[in-house]
Amino acid sequence: EPEVTQTPSHQVTQMGQEVILRCVPISNHLYFYWYRQILGQKVEFLVSFYNNEISEKSEIFDDQFSVERPDGSNFTLKIRSTKLEDSAMYFCASTGQGKGPQHFGDGTRLSIL
Amino acid sequence: SQKIEQNSEALNIQEGKTATLTCNYTNYSPAYLQWYRQDPGRGPVFLLLIRENEKEKRKERLKVTFDTTLKQSLFHITASQPADSATYLCALEGNTDKLIFGTGTRLQVFP
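Protein chains in written order, with our numbering: chain A, 1 to 113; chain B, 1 to 111.
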């Protein structure tokens, strides 16, 4: 069964550094998402992306965050200048239809020191 | 503001019994309500979706009900097994495709 893959599984970065989290969505999917989950808290929506542009973003997704689909397979989340509070699990998800079930990767654990 | 509550942080039941998990929401009119399973260190895995005009949905040992008047969904696992032990997440989807998740209920099924 096709799956969403995310790399790296764990990223440790110094505060203030830039970080790029990578995702390979399911190949025929057109809608892409990033969510985050701070340890012990709920999964929170960050951004949705369709047709090479952001469809919707949350208040968390401020100017320090950006997303990109640099080629036909990858979908990336960049945090420009990381803060301690950015430490969380970041999940990528994709879907073929834009509504309904979303397919999640197993996440990247981001630790900011 | 929108609020989603899942009945308890943790639920412990004996193998073979039916587990019932509750999801309540306020200040929202979801088009769909979805249930996901999340194992430790893993991403959410989709289980079931129910639309606002549907009352009940079943899949194997799983059943979901949706009451838009009460603003509540119930998620049932019948004949529960230790392998069903996980955190179960309720998620609402409205006019856009973003998912709004509850905090989850951690289910532990004991042999």
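Calculated from the structure, these hints are not laboratory results.
There may be inaccurate statements among the hints.
Label-pair distances were calculated between CB atoms; the ranges are [unchecked claim]:
#1 Arg80/A - Gln81/B: 42 to 48 Å
#2 Glu3/A - Glu15/B: 28 to 34 Å
#3 Gly40/A - Thr96/B: 43 to 49 Å
#4 Gln14/B - Thr13/A: 42 to 48 Å
#5 Thr76/A - Gly41/B: 17 to 23 Å
#6 Ala10/B - Glu1/A: 39 to 45 Å
#7 Asn24/B - Gly40/A: 34 to 40 Å
#8 Glu15/B - Glu85/A: 39 to 45 Å
#9 Glu54/B - Gly16/A: 46 to 52 Å
#10 Gln14/B - Ile38/A: 28 to 34 Å
#11 Ile20/A - Gly41/B: 17 to 23 Å
#12 Arg61/B - Arg80/A: 45 to 51 Å
#13 Asn28/A - Val45/B: 18 to 24 Å
Bear in mind the structure is a predicted one, so any value in this text is a computation, not a measurement.
Backbone N, C-alpha and C define an ideal beta-carbon position, used for all residues, glycine too.
Check your understanding: Which hints, by number, does the structure contradict?
Key -> 3, 6 and 7
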